[in-house]
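K.L.:
Quick note, the sequences are listed as chains R and L, same order. To convert, note that position 113 of the first sequence is 113 in the numbering used here; the numbers rise steadily by one, no gaps. To convert, note that position 190 of the second sequence is 190 in the numbering used here; the numbers rise steadily by one, no gaps.
Just so you know, the hints here were simulated from the structure itself, not pulled from any lab data. Computed from a prediction, not measured in an experiment: that's the story for all the values here.
Pairs of lysine-lysine residues, derived as BS3-like cross-links and limited to a Cα-Cα distance of at most 27 Å, are as follows:
id	chain 1	residue 1	chain 2	residue 2
1	R	Lys183	R	Lys14
2	R	Lys30	R	Lys58
3	R	Lys298	L	Lys233
4	R	Lys183	L	Lys145
5	L	Lys225	R	Lys278
6	R	Lys27	L	Lys216
7	L	Lys233	R	Lys209
8	L	Lys20	R	Lys268
9	L	Lys245	R	Lys278
10	L	Lys2	L	Lys52
11	L	Lys245	R	Lys298
12	L	Lys243	R	Lys209
13	R	Lys58	R	Lys14
14	L	Lys2	L	Lys197
15	R	Lys217	L	Lys243
16	L	Lys154	R	Lys183
17	L	Lys32	L	Lys193
18	R	Lys217	L	Lys233
19	L	Lys243	R	Lys278
20	R	Lys217	L	Lys245
21	L	Lys228	L	Lys243
22	R	Lys121	R	Lys84
23	R	Lys209	R	Lys268
24	L	Lys243	R	Lys268
25	R	Lys121	L	Lys216
26	R	Lys217	R	Lys278
27	R	Lys30	L	Lys216
28	L	Lys225	L	Lys20
One-sided excerpt, in silico: chain R residues whose CB lies under 10 Å from chain L:
id	residue
29	Ala76
30	Ser94
31	Leu101
32	Thr119
33	Thr174
34	Leu179
35	Val180
36	Gly244
37	Asp250
38	Lys268
39	Val274
40	Phe285
The beta-carbon is built from N, C-alpha and C at its ideal position, and this holds for glycine as well.
Residue-level listing of the chains:
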Amino acid sequence: MSKILIIAEHLDGKLNSSTARCVSCAKDLKVEAIDVLVLAADAAAVGAEAAQIDGVAKVLTIARGENAHALAAVLAPQVAAVAKNGYTHVLAPSTTFGKDLAPRVAQVSDIMAVEGTHTFKRPIYAGNAIVTVEAPQAQTVVATVRTASYAAAGAGGSAPVEALSLDVALPTHTRFVELVQGKSDRPDLQGAARVVSGGRALGSADAFKIIYALADKLGAAVGASRAAVDAGYVPSDLQVGQTGKIIAPDLYVAIGISGAIQHLTGIKDAGTIVAINKDAEAPIFEIADYGLVGDLFKLVPEFEQAL
Amino acid sequence: MKILVAYKRVVDYNVRIQVKPDGSGVVTDGVKLSANPFDDIALEEALRLREKGVATDVIVVTIGPADAQAHLRNGLAMGANRAIHVVTSEAVQPLTAARVFLKLIEKEQPGLVLLGKQAIDDDCNQTGQMLAALWDRPQATFASKVEVSGQTAKVTREVDAGLETIEVDLPAVITTDLRLNEPRFIKLPDIMKAKAKPIETLQLADLGVESGNHLKTTQYAPPAKRSKGVMLKDVAELVSALKAKGLVR
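Just chain R, with the same shape it has in the complex (with noise of 0.2 Å):
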């Protein structure tokens, strides 16, 4: 039986879904207990909201002024610490939280699929091969979720809150200067349930705003290729792929974008996806359930035009 120790991810008191994620994969896990840690400067509401996660049997809160910003060389002491307890797994997103912490402590990166409480399936080669990997029984698997191979676990659970004080030293050679968000009433990519994404074909960040323009009529987030970050039309935050966000969402609409094996790897496994392209033969067309093939800045107005 697994006894689970999830690490919430949270920013400006909220809890990120990619928790409620890594409890869904848990749940694969022959559970005995999934507890949820937060690390925190002020642990209450992130506390609260992880406690209603359905399959969460207990919260654990470590509320401290140096946990006031992820820093793994802060929180990665905290976690070796109450995972001691007990814990046979520790698991925490693949996201850049995830995987700036996890690896401290040793691990398995983005599961996507339990095979046995400590056989697993991840992919390597951006995707393009799927690997089965054991780890050893004796110690405790500390591993990061592919968020997108899993559905956020519901609502409706009401774990009690249990607030820990560690008697552990942190280091103070790594601070925080400041962070730089994306201001966006948009939902959030990694989460969205329909995203629009531009490429390079969009030739200029001015040009992007026939995608935003879509995206709000959508109701979905933003993506872009990595061309299109390179290229400086949006910020960084906003690259689907091997190395930046992989995504799931119900809706993927691809505009101007050729789709190079790296950015599939961070939509397939999208519900639909639908490519705009003028290319009949780009790469994106394999994968697309719907394709569109002509010149975007007619074809994205025209569509947004019919919503």
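Position chain L relative to chain R; hints supplied.
P.N.:
Frame of chain R, contents of chain L only:
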């Protein structure tokens, strides 16, 4: 200050990976190999820090089979002062790689260790973080900007929420993201010069490093295929197809 740079050789990013029919691995015979693109970025950053006078020596390190020498020569041609080749015929997992680096750190005493944030073959994204933990030094992962002044480095990181800046004391581990820099091209005279630069060869077995290859890979499989969809003739067809699926109102 010395900078140690991880410089892994991987299957080139343009190669379409094929899983062997018997599920024992991926086809690597005869495919093009090249430097992990993130490690090229790490090397470029180290060279720029040397050009700015922050660093004196840039040392490229690879852990790999005997024929990885030619790969290290590329790193030297790009501008590294010297190279260390830790020879092993086995694929190493991130924890083993991190332990090897820790050994080299004890010997070389670098002020900075730069690694790609992930290698594009196993996509683990772990070695830098593991090294920082073992070394008990700061880590700055996913770097898109690095400024070193005195005994600290200010690093801007590409995180999901945007751009985070942290300050770390040196020595430290930094892992590089795509937009940190654009690696330079190797010029022919540099290739000639690189032939004279030293490569130190160490056998992994002689380093006294405990293996961290804890994960056993039991099977390789191709990913689930998405079936090819349909090409539509106009926007009206698209909208009605999406309506039929309940994806738009």
